[in-house]
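Trainee: These are the residues of each chain, in order.
Number of protein chains: 6
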Amino acid sequence: MKKLVLLSGGANEALAWRIGSVMGVEPSERTLEDFPDHELHVELHVDVGGCDVYIVQPTTPPVGSHLMELMLLADGCTRAGAARITGIIPYFGYARQDRRVRSGEPVAARLLADMMSTRLNQVVMLDLHNPAVEGFFSIPVEHLSGVPLLAEAIRPALTGNNLLVAPDLGAVKLAHRYADVLDLPVAYIHKERLSGVKVTTRRVIGQVKGKAPVVVDDMVSTGGTIRSALETLLDLGCLPDLTVVATHGLLVGDALAHLASMPIRKILVTDSVPPPPGHKQPLHVASIAALLAETIKRLHEPYR
Amino acid sequence: MKKLVLLSGGANEALAWRIGSVMGVEPSERTLEDFPDHELHVELHVDVGGCDVYIVQPTTPPVGSHLMELMLLADGCTRAGAARITGIIPYFGYARQDRRVRSGEPVAARLLADMMSTRLNQVVMLDLHNPAVEGFFSIPVEHLSGVPLLAEAIRPALTGNNLLVAPDLGAVKLAHRYADVLDLPVAYIHKERLSGVKVTTRRVIGQVKGKAPVVVDDMVSTGGTIRSALETLLDLGCLPDLTVVATHGLLVGDALAHLASMPIRKILVTDSVPPPPGHKQPLHVASIAALLAETIKRLHEPYR
Amino acid sequence: MKKLVLLSGGANEALAWRIGSVMGVEPSERTLEDFPDHELHVELHVDVGGCDVYIVQPTTPPVGSHLMELMLLADGCTRAGAARITGIIPYFGYARQDRRVRSGEPVAARLLADMMSTRLNQVVMLDLHNPAVEGFFSIPVEHLSGVPLLAEAIRPALTGNNLLVAPDLGAVKLAHRYADVLDLPVAYIHKERLSGVKVTTRRVIGQVKGKAPVVVDDMVSTGGTIRSALETLLDLGCLPDLTVVATHGLLVGDALAHLASMPIRKILVTDSVPPPPGHKQPLHVASIAALLAETIKRLHEPYR
Amino acid sequence: MKKLVLLSGGANEALAWRIGSVMGVEPSERTLEDFPDHELHVELHVDVGGCDVYIVQPTTPPVGSHLMELMLLADGCTRAGAARITGIIPYFGYARQDRRVRSGEPVAARLLADMMSTRLNQVVMLDLHNPAVEGFFSIPVEHLSGVPLLAEAIRPALTGNNLLVAPDLGAVKLAHRYADVLDLPVAYIHKERLSGVKVTTRRVIGQVKGKAPVVVDDMVSTGGTIRSALETLLDLGCLPDLTVVATHGLLVGDALAHLASMPIRKILVTDSVPPPPGHKQPLHVASIAALLAETIKRLHEPYR
Amino acid sequence: MKKLVLLSGGANEALAWRIGSVMGVEPSERTLEDFPDHELHVELHVDVGGCDVYIVQPTTPPVGSHLMELMLLADGCTRAGAARITGIIPYFGYARQDRRVRSGEPVAARLLADMMSTRLNQVVMLDLHNPAVEGFFSIPVEHLSGVPLLAEAIRPALTGNNLLVAPDLGAVKLAHRYADVLDLPVAYIHKERLSGVKVTTRRVIGQVKGKAPVVVDDMVSTGGTIRSALETLLDLGCLPDLTVVATHGLLVGDALAHLASMPIRKILVTDSVPPPPGHKQPLHVASIAALLAETIKRLHEPYR
Amino acid sequence: MKKLVLLSGGANEALAWRIGSVMGVEPSERTLEDFPDHELHVELHVDVGGCDVYIVQPTTPPVGSHLMELMLLADGCTRAGAARITGIIPYFGYARQDRRVRSGEPVAARLLADMMSTRLNQVVMLDLHNPAVEGFFSIPVEHLSGVPLLAEAIRPALTGNNLLVAPDLGAVKLAHRYADVLDLPVAYIHKERLSGVKVTTRRVIGQVKGKAPVVVDDMVSTGGTIRSALETLLDLGCLPDLTVVATHGLLVGDALAHLASMPIRKILVTDSVPPPPGHKQPLHVASIAALLAETIKRLHEPYR
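So the sequences go chain by chain: A, B, C, D, E and F. The first sequence: position 22 = 22 (the numbering used here), numbered continuously. The second sequence: position 63 = 63 (the numbering used here), numbered continuously. The third sequence: position 214 = 214 (the numbering used here), numbered continuously. The fourth sequence: position 284 = 284 (the numbering used here), numbered continuously. The fifth sequence: position 155 = 155 (the numbering used here), numbered continuously. The sixth sequence: position 195 = 195 (the numbering used here), numbered continuously.
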């Protein structure tokens, strides 16, 4: 029997405590200090020798620093003789840099996978932008989905007049996964270029007139995609009553304030990324703590 | 200065000779023998010590056997002291198995990448179904596109009444790459499910009536996708004058015969996969030999 | 305690079921499907997370395809979090390609060892042609012998007038291992070249006249070695009453029919390779299922 | 002949341009962009295929982010087929975390070495705090010294009444290396604990009274060590005329302002770390550009 | 639960038996034979399949041969399926070759770390000359200290007039660790070079006159350092009553006889290296068996 | 163009100088010192940056120490930036430990291969006992044969009445390789066990009466095999005029003196192992220097 140890990096401590609370396991004490020269000092205050360790650390911005924290914790565990180290990384920075568009570019997601694999034995991820990123790791990747959770969370707010909208072609598959649960029609927006002219127009496939759209995506970063979608939808006569559902609420800079100024009833995200402090309407957060707790329990089960 | 050596596996010898002919370099002699116990016997009849070796071997079916040939050749090169070994793999078997849909599945494309990386130093690929598969390799992947070549090859056959058609959402990006070169409008087919009922209907986005459709995809395997697309397009009033353009003409079993029985004017593919012997109308093959020859020259250049 | 899981590839399912039957463990359900494009689709229908998995898959011809099956199953197990994966490979294809005779050749057996080691943690093998092949693996190799089993299986058929015969020098050590159990004299055949002339003659060392020979070898492939041995032995006056004992009954093509047409009383092999369907006299098959079952139990013991 | 390519990360672009200026080679164009979600986007605008690439990137704070930049550039080079990639890392963040003081700590310097080794083939370092850190890398480490350069730079400022001072025991070896060049006596400060009482006192070994001390260390971070040394030295009657010489002028926060308020005539550092913008008295910077340029030329020489 | 197995190489069998005696576990039987061609033949007579194995083998001179023994034992364990292999290496040969002083030198300690890491999963070390050597290993290093043990062993011999002496700057930190336990003042010897002349003089920092010095170091090899220290101390008026405390009593050649001829009351070392046979005054040996036994128990604990 | 550097370890310096003399290249200066604590100190006095380095070091007894020398030299070369490092290892210690006979044994030859592969890029070997040992290395192995050389060296001594003799079954293939060159008949000795009794008798296959036997083997170690062969041959009436030919003249202890006391006309070996100092009749040594020089030139050729 190997003891389970739960550790938290600094990227999302609140999530780690929520997971621990569901599991009845407190995150173990550790020092996570920023030295005056901005080097991190990490120290575990628990003996992890022979333990099955789970480190909660989504690699949210600043990615470099949160990656260092994760790896320093993992190195500390390795050297102290941990039996297995699992990274709980519900938000995976650089996931969208999964290919080279031009030949002088890196494949950043693979680079992170390689660096993580120098110390981790397994990772748990959530709604990767491209599920093939799993193949960047040779270590096991437990790829979870936030869709069931978010779909149930948004259901009470549906009015009977809703329509799921994918804001671009990349989100169509995701929209259909929501449709399977919520039994709603799907529309989507795409950019089209007419023959002979080099002009791009945004076009909506599906009947949106008079509908209250629920825009779904894997993440909301600056909010730019949402804004464009909203404009297009309003032009086509949809109701000024938008709902946004996304797994990762990155909401960089003043994205939330901008979105709040639009006719958006609700923005629903998970806590894979810590929500802006003191956030309020229209942002709602559904916690993935129970999903992660259950996953950790399942992964630990054979070692009990 | 490192000598360039061109080697061919058994998967597509004609292509290797065509490449060699463009480069003015003959594929080196090697034995490739099937022993009575169905083990392959490989032997190089060229001294590759210190050479820059290029092995032409798309991993066409049977993939296992063609992979073995490639790896045996590469092992022979390694042990004989080759300086660098590049796999020229314009068709990459298992490329579509790039993620786990269910948790008991493998990620076959990553497995192949790992096995190849035990002996190869670099690979050259063509129109991967998912470009992120590049990230499955830690060795450099030169990812080429057959689009410019195929677009030019199909241009003379265009009638002024054509329309590019993506047969499913996965092919939309590809269709737009053709549109950029050929300056044609793009339509695409997608499956839609109406609210409340679990029935799927095929729907076409774009004006197809009276048009001569050019269906583009990365590969034609059994031809099933083409058949469905054709039926849908005819239902919507397009002309019974279809053109099919795809990089990889796998054409398994009697796929070609089936397609030949439909109102298809032309099927244009490259020779990444050897075309069926004695093929004729409507199949046309545009060779990638010059593209690969130029790539090999470019990769070899710094070692000259 | 780690759960034991038994899986079977497609190379020898009957053997896997026999092993399972001895152990009281049913091989777990898995899909093993040949797609229309001849790519294999593999899926486990058992949760192997934290399990001690044994995959039964001799790499019989076609080796490439059976290797792919083995590796796809192993990749599926790795990604699903298996604790340890052992390949049960009683017949190891390419085992005889264990050295370079000429400098342009590969060392195929080492190549397979390297490819297998990308996903397996341990292998179980049986009567390797050259026991040093164990050293091609850095993972543990459990090297079993079928000699005790085959010797006991042939004993009742001995007439008191028998003689063990090694058909070439490579089989002499094996013949002596049979002699240790059966207490029979050993003769062997070798090729000799006389001084001054470049003619090879086959010569038998040992008294064979009037004896009923039992030819022993590690495998019977085309049957050519047996035929030559028989001719030489008959020339020297041995009885036209041959017995053949070999661990691996590869029997490619119509080898069995050819052998059946000779004065051969019995051909005894194990089921490391599936015997030809509907085989009958003179082929007899002794099962290694109990030997493998016991080995699996022993290897699993410390994890119970 | 392999072409030399000089690349600069964002940590110290001025240094890269100075190196390039000495060598007559301009740093190649590359994009280094901070996306709105704080992910870095890197792109090379030079074809590095077959080239011998040198990336100038000291891992100054924020280390995580500068490490990411370095690794993304290196990944881009690897994928584009660079023949060899050398990291020019004159300041190596986390170099002082080279051992575990307590069992729950990581060995951060080894972690960085491992992450760097996933993409770099060689590194160039300068005055490592512990030279054994070289052994953390399996790739070649060219370990340079800034002592000759700094000694010559400080020589004109010497008054004939100077004394070298090591501010702690760890700097004694370094002080002697300066003494070898400048032919000055060495004194050093150490902490002593008297028997029976748990009180630490700072003590100076060497005659400092009436002398103008030159304090030497590998780096100046917050300036705390310098301040303590100065207090101790003044107490013992040295002249209020201090000179500070250190390879790495990290000078975090308002360290420089604090130091400027003390009786310090001159602080001499190299440009391994970019000096504070608009810095002036008493900070003087001696450039290592010529040293690095000469090292790069020497390393590149055999590939010309 | 994994069974604990204790194995001994030939470098220090007595220590292995002492450890076993404390633990109530006998070292397992194994053959360790020197063949006539001076190749070692190793064979385990215990089934280590699935076991947690501890191999006691300090790499004392001749290092090459003792390293081979260690690695052959570890290879035997690996191939027999051991679950984890820990090297108990209280004396680590080549530990002082931890950096390159000149560019044509190796970093021998890293080389040994790499060779050991091909078969070991973990090592236990004692009072490494440079604690950073831990970072040469990627496998966990349990770094123990003999200071508490040696301090207690020397305490009864203290007279109230003692002083700890570090014979060079490298030993100052160690001396302070003894001072913390024994509450004694610390003096140390260093080499100083006066300005203007290239003459080195040995100088002592601290009041040694009339004191009985206790010289502490990590190891005593030829005894040369001790002799020089003694001469310097006597010159300064310390009592001719020296005590020497060191973790590793290598005592090569006739070092012990030489030391015995000096006014040395006691030389205290541990049994990390086997003491010279039949040694007597002034050599005293404090055993680390209990410390190692306790460490092994702690490391094994999570696998019980 | 990469410069060729020839280095010699201490195992066979005379051979290295002979190779250098044939090539017109002097072995580079290096220090190879035995410290008082029996640790080796190695230092290169040549700049090997970017060079193609060949290190001559057969791993003769004491293997551990000679292996350390080889690896320390190779580590020094690696860290100094050598482009490629080839080990010239004409005698490979532990080559006969190439399999496990019992389950508690190591596979020593694979262990050495793994340790060597941590620093070497290629090895050159000579007449390996089992050629499959090549497969223990993943780096290229150039496997040479001393047979042509030794056959020519012995030819003048042949009397027209000679017969090649393999002293055991393992040497039969080797004997036939000599027969191909010298056109002599082959006899061989084997151990036979008669049915019913557990007594082994030595038996000779071939007509030896009145012949002058030339016993061939891969190595002569203690001379025991030669002695037994001689006794058996004399019993069967061969002339008391023996010649012995072997690639490796290990001749441990007083083996040479023992052999000199027998009716042996000549013992012919190569200088793969340094012959006993001041050796005389009947030992003759044929140098492999020219063979190795030519091999080094061939391997270096593509880098010129």
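Derived from the structure by calculation, the hints contain no laboratory data. Treat the hints with caution; some may be incorrect.
You can't tell identical chains apart in this list, so a pair holds if it fits in one copy or across any two.
[What the hints assert, rightly or not] Quick list of in silico lysine to any residue cross-link-like pairs, SDA-like style, CA-CA up to 25 Å:
hint, residue 1, residue 2
1, 191, 148
2, 191, 47
3, 191, 28
4, 2, 122
Note that the coordinates shown come from a computational prediction; the quantities given were computed from them, not determined experimentally.
Trainee: So, for every hint listed, does it hold in this structure?
Mentor: Hint check:
1. In this homomeric assembly, residue 191 and residue 148 come within 25 Å of each other (Cα to Cα) only across copies, at 22 Å, whereas the closest approach inside a single copy is 29 Å.
2. In this assembly of identical chains, the alpha carbons of residue 191 and residue 47 never lie at most 25 Å apart, being 55 Å within a copy and 33 Å across copies at closest.
3. For the identical chains of this complex, residue 191 and residue 28 are neighbours neither inside a copy (49 Å) nor across copies (36 Å), given an alpha-carbon limit of 25 Å.
4. In the homo-oligomer, the alpha carbons of residue 2 and residue 122 lie at most 25 Å apart both inside one protomer (16 Å) and across protomers (18 Å), since each shortest distance falls under that limit.
Going through the hint list in order, the structure does not satisfy hints 2, 3.
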